[in-house]
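Got chain A sorted already, so can you dock chain B onto it with the hints?
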Amino acid sequence: MTNTLHRYSEHYAFEPAPNPEPVRDDYIVFAMATRDLNDENLVEKYRCFLRLALKHDPVNIGDATKGGMLRPRQDMNPTAHWKRNQHPDPEQVIAGIEGHTTVAAVFDNYEAMRAFVEEVKAADLGISVNISAPMDEAKRCCRDAGIARHSVEYSLGFRGRVDKLPDATTLELSSMCGHGMVSANFAKKMMEWVKENRRSPEEAVRYMARFCICGVFNTGRAERIIKQACTLKS
Amino acid sequence: MKIDPHKCVACGNCVPVCPMGAIHIDPNIGRATVNQDECVECFACYRGMSKEHLNPAMVRTIRGVAKFFRFRFDPEPDICPTDAIVPQELTWPRIVRRAFSDPQVPHESTGIHGRGTAEVKTNDVTDRVKEGEAGFVVEFGRPGVGARFRDIERVTAALAEIGVQFEQNNPVTSLMRDSSRGLIREDILNEKILSAIVEIKARLEQVPAVLQRIRELAREVETVISIGVSTRCDMEGNDSLREILEREGYATYRGKTNLGLGRVTQRGLGIGN
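Residue numbers (my numbering), protein chains in the order written: chain A, 1 to 234; chain B, 1001 to 1273.
Here chain A stands alone, though its shape is the one from the complex (with noise of 0.2 Å):
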């Protein structure tokens, strides 16, 4: 699973860009057990990371077997479509958590990562944790918190039939829903209802934001870059 692991920007450009604008919004923090290495009281330690994190004021928690704070639901009714209850909700990702999965943090500035993962060391909850985030961003996140990087994995970018692949502001949108969940024609869509009027960039990235599986969808940097996207274009 390396649903975080290739989120596009424009350092991965597939015709290189000369001066890539730096990614300041887009920071995870994520926890994971090892079956029958560090798995006991699990529930209770993803349960313990979310709530360090939300203190912090994420974008989005998620656990990668429910969903992120913003999710489908089965039980819609037609009032739905004039008024509809769009307001994360922290509390069922965390009440969710039944047990092995991925628990994750999303923010959307350095500052707040810096200070929850100084808080993820001082708790000490013996799992494992990563930052998925630009390299630097993360090794100074090490350096401040007075940690010592384990192992790294870095991102080289797409090869292949990559003529295949959207336009770049779209694959900035749909490869922040690693998993593949958000798909490139609906990110698309979205934007086009924007451009449109017919739906503010807020509304536009909470539809997309529900079908991530896992949480880690940056509803704030997919805000910016719709309202960017937007206004270049327009």
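Simulated from the structure, these hints should not be mistaken for laboratory data. Each hint should be verified, as a subset may be incorrect.
Said to hold, decoys possible - Below are the DSSO-like pairs computed for lysine-lysine, each with C-alpha atoms no more than 30 Å apart in a straight line:
1. B/1051 <-> A/195
2. B/1130 <-> A/139
3. A/121 <-> A/55
4. B/1051 <-> A/189
5. A/189 <-> B/1201
6. B/1201 <-> A/83
7. A/189 <-> A/164
8. A/139 <-> B/1007
9. B/1130 <-> A/45
10. B/1067 <-> A/83
11. B/1007 <-> A/188
12. A/66 <-> A/55
13. A/83 <-> B/1007
14. A/164 <-> A/83
15. B/1002 <-> A/189
16. A/83 <-> A/189
17. A/188 <-> B/1201
18. A/45 <-> A/55
19. A/189 <-> B/1130
20. A/188 <-> B/1002
21. B/1130 <-> B/1067
22. A/55 <-> A/188
23. A/66 <-> A/45
24. B/1051 <-> B/1130
25. A/66 <-> B/1002
26. A/66 <-> A/121
27. B/1007 <-> B/1051
28. B/1130 <-> A/188
29. A/195 <-> B/1067
30. A/66 <-> B/1051
31. A/164 <-> B/1201
32. A/45 <-> A/189
33. A/66 <-> A/83
34. B/1007 <-> A/227
35. B/1051 <-> B/1067
36. A/164 <-> B/1067
37. A/139 <-> A/164
Just chain B now, with coordinates in the frame of chain A:
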């Protein structure tokens, strides 16, 4: 996945949400239809869309009236109003599509939800990738293109020829008929999946050669390949992999960092041991 023509009202909401673009409105029947050859059984439509369970006849009537009067109605784009999307019972070999496409289905070979192992995410506990070693995750089909096992085998067979070692606790490896030659079961070669991850290990000094071979092979397949490379850091938290990758001209902007906060607290076999 199937769409029940008796329930479907052809609202078209499910068409763009399919990651494979396998759903369209069939003009002959006026209902949404799934292209079974392209569908990878990811369940994104079934699970990702909210549902209203409305009466199809009533919805068709209202839509018909609105259409007649040219009323424009902007319904929520992620709702199936009549719960028309229906999972079908999957049998071999089609069942592998779901195993490699639906993130909520655990692979029996690993017990992990997803399409690979824990890579280096739990390396602080499993010690899967050791100092001086490089772990490769070669992912086929993502994002949003999909891959057939025939293409995957083309790459795994070629990689086997240069002597790489396939991760044993990996779903693709578990479907190989001969892992020493990278050959995959023949009965699944035409199955299309959303994404599959091949994991291999090599020495750090082999990294340039392995990557070069993967780049060459990527030109021969009909899908996209995303590549991740990992290693264990030294006691100070430094790694020598980045220098190797940058020397070879690869972008290393983003990745994962295992903080080393995990520890073994139980005696057991564990994944990867």
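Going down the list of hints, with the structure as the test:
1. B/1051 <-> A/195: 27 Å, holds
2. B/1130 <-> A/139: It holds: about 20 Å lies between the C-alpha atoms, which stays within 30 Å.
3. A/121 <-> A/55: 15 Å, holds
4. B/1051 <-> A/189: Roughly 20 Å between the alpha carbons, so the hint for residue 1051 of chain B and residue 189 of chain A holds.
5. A/189 <-> B/1201: 40 Å, violated
6. B/1201 <-> A/83: 52 Å, violated
7. A/189 <-> A/164: Status holds; Cα separation ~18 Å.
8. A/139 <-> B/1007: Violated: residue 139 of chain A and residue 1007 of chain B sit about 53 Å apart, past 30 Å.
9. B/1130 <-> A/45: 27 Å, holds
10. B/1067 <-> A/83: Given pair residue 1067 of chain B, residue 83 of chain A holds - Cα atoms ~23 Å apart, limit 30 Å.
11. B/1007 <-> A/188: 27 Å, holds
12. A/66 <-> A/55: 22 Å, holds
13. A/83 <-> B/1007: Between residue 83 of chain A and residue 1007 of chain B the Cα gap is close to 25 Å, so the pair holds against 30 Å.
14. A/164 <-> A/83: 38 Å, violated
15. B/1002 <-> A/189: Answer holds: residue 1002 of chain B to residue 189 of chain A is near 23 Å, not above 30 Å.
16. A/83 <-> A/189: The hint holds at about 21 Å.
17. A/188 <-> B/1201: 38 Å, violated
18. A/45 <-> A/55: OK: residue 45 of chain A and residue 55 of chain A at ~16 Å, within 30 Å.
19. A/189 <-> B/1130: 45 Å, violated
20. A/188 <-> B/1002: Distance ~24 Å between residue 188 of chain A and residue 1002 of chain B Cα, so the pair holds.
21. B/1130 <-> B/1067: Outside the cut-off at roughly 64 Å; violated.
22. A/55 <-> A/188: Measuring from Cα to Cα gives roughly 33 Å; hence the hint is violated.
23. A/66 <-> A/45: 17 Å, holds
24. B/1051 <-> B/1130: Status violated; Cα separation ~48 Å.
25. A/66 <-> B/1002: 23 Å, holds
26. A/66 <-> A/121: Holds: residue 66 of chain A and residue 121 of chain A sit about 26 Å apart, inside 30 Å.
27. B/1007 <-> B/1051: 12 Å, holds
28. B/1130 <-> A/188: 42 Å, violated
29. A/195 <-> B/1067: 24 Å, holds
30. A/66 <-> B/1051: 17 Å, holds
31. A/164 <-> B/1201: With Cα atoms ~29 Å apart, residue 164 of chain A and residue 1201 of chain B stay inside 30 Å; holds.
32. A/45 <-> A/189: Not satisfied, since the Cα-Cα distance of roughly 39 Å exceeds 30 Å.
33. A/66 <-> A/83: Answer holds: residue 66 of chain A to residue 83 of chain A is near 25 Å, not above 30 Å.
34. B/1007 <-> A/227: 37 Å, violated
35. B/1051 <-> B/1067: 22 Å, holds
36. A/164 <-> B/1067: Since the Cα atoms of residue 164 of chain A and residue 1067 of chain B sit roughly 35 Å apart, the hinted pair is violated (cutoff 30 Å).
37. A/139 <-> A/164: The hint is violated at about 34 Å.
This entry does not satisfy hints 5, 6, 8, 14, 17, 19, 21, 22, 24, 28, 32, 34, 36, 37, going by the numbered hints stated previously.
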